[in-house]
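Chemist: These protein sequence lines map, in sequence, to chains A, B, C and D. Quick note: the first sequence uses the numbering used here, first residue 1303, plus one each step. Quick note: the second sequence uses the numbering used here, first residue 12, plus one each step. Quick note: the third sequence uses the numbering used here, first residue 168, plus one each step. Quick note: the fourth sequence uses the numbering used here, first residue 7, plus one each step.
Derived by calculation from the structure, the hints in this document are not laboratory data. Just to be clear, a hint being listed does not mean it is correct.
[Unchecked claim] Subject to a maximum C-alpha distance of 16 angstroms in a straight line, what follows is the list of computed EDC-like cross-link-like pairs (lysine to aspartate or glutamate): (1) B:K48 to C:D293; (2) A:K1459 to B:E44; (3) C:K268 to B:D221; (4) B:K294 to B:D196; (5) A:K1459 to B:D42; (6) C:K249 to B:D42; (7) A:K1459 to B:E197; (8) C:K310 to B:E65; (9) A:K1459 to B:E38; (10) B:K239 to C:E193; (11) C:K211 to B:D300; (12) C:K249 to B:E246; (13) C:K178 to C:D205; (14) C:K268 to B:D334; (15) C:K310 to B:D334.
[Claimed, not checked] Derived list of chain B stretches under chain D, where covered just means 3 residues or more per stretch with a C-beta under 8 angstroms from a C-beta of chain D: (16) 75-81; (17) 153-167.
[Unchecked claim] Counterexamples of contact, computed for chain C against chain B with all Cβ distances above 10 angstroms: (18) E201; (19) N240; (20) G290.
Keep in mind that this is a model prediction, so the values were computed, not measured. We put the beta carbon where it would ideally sit given N, CA and C, even for glycine.
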Amino acid sequence: MTVDYLIEWFSGLINIPVITFLLAVTIAGIPLFVLMALNATIAVYVERKVSAFMMDRIGPMGQGPGLHAGKWGILQTIADAVKLLIKEDTIPASADKLLFKMAPFIIFIGAFLGIAALPFSSVIQVVDFNVGVFYIIAVGSVGVIGIVMAGWASNNKWSLYGAMRSAAQIISYEIPAGLSIIIPIMMSGTMNLQSLIEFQSGTVWGILPNWIIFNNPFSFLAFFIFFISAVAETNRTPFDIPEAESELVAGWMTEYSGFRWAVFFLSEYANMFVVSGLAAAGFLGGWQSPIPGLFNSPIWGLFWFTGKIIFLIFVMMWFRWTFPRLRVDQLMHVCWKVFIPIAMLNIFGVGIWKLIIG
Amino acid sequence: MGVVQGDQMVLNIGPQHPSTHGVLRLEVTTDGEIVSKITPHLGYLHRCFEKHAENVTYEQVIPFTDRCDYLASMNSNFGYVVAMEELMGIESCERVQYIRVIMAELNRIASHLLALGVYGLDIGAFTPFLYMLRDRERILDMFEYTCGARLLYNYMWIGGVSHDLPKDFEKICIEFLDYFEPQIDEYNNLLTYNKIFIERTADVGVIPADVAISYGVSGPNLRGSGVKWDVRKDEPYSIYDRFEFDVPTGTGEFGTLGDCFDRYWVRMLEVTESVKIIRQALKDIPQGDVFETMPKKIRPPVGSIYRRTESPRGDLGYYIVSDGKPSPTRVKMRSPAFTALSCLDEVSSGWMISDVLAILGSLDIVLGEIDR
Amino acid sequence: MTSIEIKEALKNQFGKSVMENDELPENQVEVKGEEWLDIATFMKNDPKLSFDQLECITGIDTGEEGPLQSHYNLHSMEHRHKIEIVINHDKNEPKVPSIEKLWRIGDWFERETYDMFGIEYIGHRDLRRILCPDDWEGWPLRKDYEPQESFHGIVVPKIKEEEGWE
Amino acid sequence: MGVLENKFQDNVVVASLDKILGWARSTSPWYFQFGLACCAIEMMASAASRHDLERIGMMPRSSPRQADVMIVAGTVTMKMALRVKKLYEQMADPKYVISMGSCATSGGPYWQHGYHVLKGVDLVVPVDVYVPGCPPRPEALIEGLLKLQEKIQTERPLTRKLA
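Here chain A stands alone, though its shape is the one from the complex (with noise of 0.2 angstroms):
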């Protein structure tokens, strides 16, 4: 989309294909990065206010003697920011200095690639691909490299820990992940993430928007599924233990520090955008209003699926600050004899339902 009207606007002026797909690639790249640093300084500092007011707080409130954090704090995350930025990079003596110093960037490119496929609105999509929710999978799980990558070069025992758990926990749960986004594709019958929104339009049963979430029960069920293993997939608490803060002390972060250790941050947080893009895409009609036929511009578009993706993730922070830590073997217990058998069904099931209802 964005990228495709840049090619052809660029070729009008300059006529070498390489170039003015450089140009065009690096020009769509730009407001990404900046999407996602955004999203990383509004989530932490929501994710510090949300946190402090459940727990009885009141979080960051800019308190300080001289120049301080703005009022409510809002300048918090800024100041944490810049401060991670100067601050010394250390990489230990026995490290792995070439891993050590790649892993951040690969864990950040597996999220940042992710990000480009999201349709923020009928106009507004990076680039739009034919098989869109498989990129996003595909790409989602290039992110663990990176983590195994960070995890054996820091040469300390909790790095390693944390990384091998982090690989098995992601690797299995990308299984019930892809086996429940199945079901949006068999309705839909495209991976285009466009068209499958546009499948989602209008109304089931007179009152509730045609969601697929709401379409038969099977696809209500998918969404769950599909929600908590992305939940896991990135790493958040209850399924935290890659990073268990009680176990692993940091997990497979452990050993590094300032802006290495932000990128893997900004990473985390991009991660959730970008599984909470693939749920509300997928499951919760995407850039469709939640009213149908009402408010449906492309502008309104855009603000209904921010808004869906913000639930989201308003969501995961709030299972993370209620719910205890789940051990590594109940984790697997729960992927493979829970999540993926039913994800399994549930395409049974949905068949069944298309062949007979719909």
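With the hints as your guide, set chains B, C and D onto chain A.
Modeler: Showing chains B, C and D alone in chain A's frame:
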């Protein structure tokens, strides 16, 4: 770090680690996630309590007992003064006895709240911890109102207490208890009956009763294994024989008898029992002068005594030897957390790393008391 | 059973190893160090005594002339009776059989007493210092203990009486 | 940091950059969860609902690499002293140390007969702020942290130091 031998790996947990409850080092031999052996290394907080006690006078020992078990200073004081009064053959007046019981039970609630909250934190639930700490603050406020200190009180003196209760203490205390009792349900809803919490604690780290006794495990940990043993009931000291309260024991509600959940649950039930005791004590407390029975000169006769009392962590014993001089010859503290920690290796080998920390948390250790 | 009955029971079984010492209070029994393991085994396993809980081991340095003492506080969960065993040690070579196999907590209590007083427990599986670092010098709770002047390069500032810090 | 530190002549741009950096550092001093003894309980109480250290931008980190402030909360013993030093060395620059309570400051009640107690954590690591008390109340700790923030704000990280 450690030495790698074949397929086993040595992992050092601590001395600085978020869930070792202080500065404890566990040398854990693991095979992947499974733990095969644990060697605890203590002494990172060895502050020479016993050496100090030999060099100061009898009254001056009390502040040091505060700092041993810093989560339940009142109970540490209580044990020492009970032992000292028995050694000297004196008895403090009625009002003092009641005040001591009220303070000790309030501190037991505070200590249990922290233990339960930190246990939630070990399992990964952050919010209950802060809720419990919030209510603990209100207890500390009452202590502060009475004796001016928040954490280390030096409140119970030999033959008396340092300050009488403030005039409206009774009202404040009842108000707190009325507020606090419904809160217990909130904790239960938030943490105790959470499915994940039960999965993580039930059947984990079972201590059978005979093993517990052999290791000298005491207090809620022993009661969690189903042994009905409470020094307050079985060897009553002070005026504990006047109050009606139950001794809750583990029942293996969700798993095996003596698992982590039982130990957690016994603590939760004990909080309710303490509330009962405080209510009774507040009802019966007589008027009087708290300095009346305080001896002018503390010079116990030659002899020795071993006395144990029920601290929130279990049997807290003091062995005091006097040779007639103003300072003791020997003061030994038999710390309940020390004995509880000693069974960690036997209980937790074969479990996973996450479980080891869950078991350690369920034992509710205080390093100040282990290392002294 | 009362302390006197327990004392009688021990005397009947072990004769001279249980010593007569009138200075001791009623609840204490002095025994010979060398026989301690046998006595302890009997005390734990005899159904009438059945001391299943070792409450505390206290080491005492009684001063320059006096001996080193070990006090064992035993308690029976079954019969709810208790007794205190006293063992006197030779100050130059304090040795006593270990009872850590009978009561598992004895393991750590003995290590602690070893750490503080240097009493050696024969047959203990892992007799190391428990509280002080492994390379610590001296037995801290003995009356003649002098603190170390430095530890791994950390100099301990000396305190002079009245003058304060040096 | 490293590369840029103390490399620039003093001028208007550098001075205002310095001010921004100082602001950022002082506004988000993440502390290292390093509880040693009794004071750690008061440190927990300061972080909990009533006092809430997060108001002044403090966030707990359990890995030394990511923390800025080490709050030495409690008695440092000889056995622990070497570890304290190591943990301090593991922290990334810029790093600050708060000595909380009299035990960490001077040995506190244990200074006379405490054969195994380090008489002040400043014997092994440099200390920025001393907070007195046994244990200091949460208010006292917060006051100490505000003092530390003031100190950080006066730093000029980029400006070349005069020899």
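Chemist: If any of the earlier hints don't hold here, list their numbers in rising order.
Modeler: Hints 4, 6, 7, 10, 11, 14 and 19 not satisfied by this model.
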